[in-house]
Amino acid sequence: MKGRPLERTVRQSRFPISLFGVFWGTLLLMSGIHMGLLLLADERGWNSLVQTLIPMTYWALVAAVLTLYTRWRVQRAYEKPMKELAKATAKVAQGDFSVYVPPLHTPDKLDYLDVMIADFNKMVGELGSIETLKTDFVSNVSHEIKTPLAVIHNNAELLNRAGVPEAQRREYAENILHATRRLSNLVMNMLKLNKLEKQVIQPAPQSYDLCAQLCDCALQFEDMWDKKDIAFEAELEDRAMILADPGLLELVWTNLLSNAMKFTPAGGTITIRETSDGERITVSVSDTGCGMDEETLKRIFDKFYQGDPSHATEGNGLGLALVQRILQLSGGTVAVRSAPGKGSAFTVTLPVSPRDEEEI
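Counting from 79, one number per residue, gives the positions in the sequence shown under our numbering.
Please note that a few of the clues may not be correct.
Said to hold, decoys possible - Beta-carbon label-pair distances, calculated as ranges:
{"no.": "1", "residue 1": "178", "residue 2": "231", "range": "31 to 37 Å"}
{"no.": "2", "residue 1": "311", "residue 2": "242", "range": "20 to 26 Å"}
{"no.": "3", "residue 1": "413", "residue 2": "98", "range": "55 to 61 Å"}
To be verified - Taking lysine-lysine and the DSSO-like style, the derived pairs with C-alpha atoms no more than 30 Å apart in a straight line are:
{"no.": "4", "residue 1": "158", "residue 2": "187"}
{"no.": "5", "residue 1": "306", "residue 2": "340"}
{"no.": "6", "residue 1": "200", "residue 2": "169"}
{"no.": "7", "residue 1": "200", "residue 2": "305"}
{"no.": "8", "residue 1": "200", "residue 2": "158"}
{"no.": "9", "residue 1": "165", "residue 2": "200"}
{"no.": "10", "residue 1": "158", "residue 2": "169"}
{"no.": "11", "residue 1": "169", "residue 2": "187"}
{"no.": "12", "residue 1": "340", "residue 2": "420"}
{"no.": "13", "residue 1": "169", "residue 2": "224"}
{"no.": "14", "residue 1": "200", "residue 2": "187"}
{"no.": "15", "residue 1": "187", "residue 2": "165"}
{"no.": "16", "residue 1": "224", "residue 2": "165"}
{"no.": "17", "residue 1": "340", "residue 2": "305"}
{"no.": "18", "residue 1": "224", "residue 2": "187"}
{"no.": "19", "residue 1": "158", "residue 2": "340"}
{"no.": "20", "residue 1": "224", "residue 2": "161"}
{"no.": "21", "residue 1": "224", "residue 2": "340"}
{"no.": "22", "residue 1": "200", "residue 2": "376"}
{"no.": "23", "residue 1": "306", "residue 2": "420"}
{"no.": "24", "residue 1": "200", "residue 2": "224"}
Keep in mind the hints are simulated off the structure, nothing from the lab.
Beta carbons: idealized from backbone N, C-alpha and C, even for Gly.
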């Protein structure tokens, strides 16, 4: 439910007009009874004190009944639901995000208090999700930072020992350098993703040949695929001009190719394909690696998520989150197809020209 349609379907008052009609009719009836009492007292010849006390007592009782009835309606309409909401708010303030306040009416009889309660429940749900994400984030960051720090610490202690052979000393130093590079990549990726999510970094589109960029990115991994004896296949057009940010898209291709290289065993094949139809360009990066199961596919673009729970595989789980965010800012999409033991294929679709800012 949004904006204007909501105003038409939601009651804006908890006291219907009919209630005021009841009060008006009741007071009118009570006035009639009052006149009857006065006529009865005059007809019976009661003294003036009795004729004064009877109406006063009568209206005191009427006022008491109306006051109690009004109090009951106010308590039922406002105080009880607001107290429930206040209790729920206190629980949320103490960090309990499992709170749920039930609506007061069925969906066809909603009023503005029901809408407020629904908004409260939605807010609590979002806060719960954020708290879960924060907990996962702290846990994942702690794990990713702890591992290279442990490597640096252990190898530094080994280097500090007396009489360490030169070959081992070089090995320990190389381990430290490798761990510091891993730590540096983690911090850099976190900063990039944070800036992209906050839109501190905005795409700066320029016209360039995407096919040439794909070739350049692939050549960066030439030593790696030679070392692992991986066959690399490319099916690209001669030229495909695109209006996009080349720096951001380079991050997309290097991340996808790096993942393919990482999970493809020796003797496997990595294939990159590119096609265009004048309006959109499609690039797919596929491999013959280990593949992914359904559970992994559901979370593959989550920050810090890695299909390998042991985190033994090189990486920090931020690469695909970066890919997805860059493509969102560039007006593109990314899809993945995979099965255990059958490899993976990531398909990126990009518009030849960027969309207007209002659409992004």
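Checked hints:
1. Between residue 178 and residue 231 the CB atoms are about 46 Å apart, so this pair departs from the stated range of 31 to 37 Å.
2. Checking the proposed 20 to 26 Å range against residue 311 and residue 242 shows it is violated: the Cβ atoms sit about 45 Å from each other.
3. Remark: the range hint 55 to 61 Å for residue 413 to residue 98 is upheld by a beta-carbon distance near 60 Å.
4. Only pairs whose Cα atoms come within 30 Å are accepted, and residue 158 paired with residue 187 is accepted, the gap being roughly 18 Å.
5. A distance of roughly 10 Å separates the Cα atoms of residue 306 and residue 340; the hinted pair therefore holds under the 30 Å criterion.
6. Distance restraint check for residue 200 and residue 169: the Cα-Cα separation of roughly 15 Å lies within the 30 Å cut-off, and the hinted pair is therefore satisfied.
7. A threshold of 30 Å between alpha carbons decides the hint, and for residue 200 with residue 305 the separation of about 53 Å lies outside it, so the pair is violated.
8. As the CA atoms of residue 200 and residue 158 are separated by approximately 21 Å, the hinted pair is consistent with the 30 Å bound.
9. Taken as a hint, the residue 165 and residue 200 pair is honoured in the structure, with Cα atoms around 17 Å apart against an allowance of 30 Å.
10. Restraint check: the Cα-Cα separation between residue 158 and residue 169 comes to about 17 Å, which is no more than 30 Å; the hinted pair holds.
11. Simply put, residue 169 and residue 187 have alpha-carbon atoms about 28 Å apart, close enough for the 30 Å limit, and the pair holds.
12. For the suggested pair residue 340 and residue 420, the alpha carbons sit about 15 Å apart, so the restraint of at most 30 Å is met.
13. A C-alpha spacing of about 34 Å is found between residue 169 and residue 224, which places the hinted pair above 30 Å, so the restraint is violated.
14. About 19 Å separates the Cα atoms of residue 200 and residue 187, which keeps this hinted pair within 30 Å; it holds.
15. The straight-line distance between the Cα atoms of residue 187 and residue 165 is roughly 24 Å, inside the 30 Å bound, and the hint therefore holds.
16. Between residue 224 and residue 165 the alpha-carbon distance is near 41 Å, which puts this suggested pair outside the 30 Å criterion.
17. For the given pair, residue 340 sits about 12 Å from residue 305 by alpha-carbon distance, which is consistent with the 30 Å threshold.
18. With a CA separation close to 55 Å, the supplied pair residue 224 and residue 187 exceeds the 30 Å bound.
19. Our distance criterion of 30 Å between C-alpha atoms is broken by residue 158 and residue 340, whose separation comes to about 60 Å.
20. As the CA atoms of residue 224 and residue 161 are separated by approximately 46 Å, the hinted pair breaks the 30 Å bound.
21. Distance check on the hinted pair: residue 224 and residue 340 sit about 22 Å apart at the alpha-carbon level, within 30 Å; holds.
22. A C-alpha spacing of about 23 Å is found between residue 200 and residue 376, which places the hinted pair at or below 30 Å, so the restraint holds.
23. Taking the CA atoms of residue 306 and residue 420, the gap is near 19 Å; set against the 30 Å cutoff, the hint holds.
24. For the given pair, residue 200 sits about 36 Å from residue 224 by alpha-carbon distance, which is inconsistent with the 30 Å threshold.
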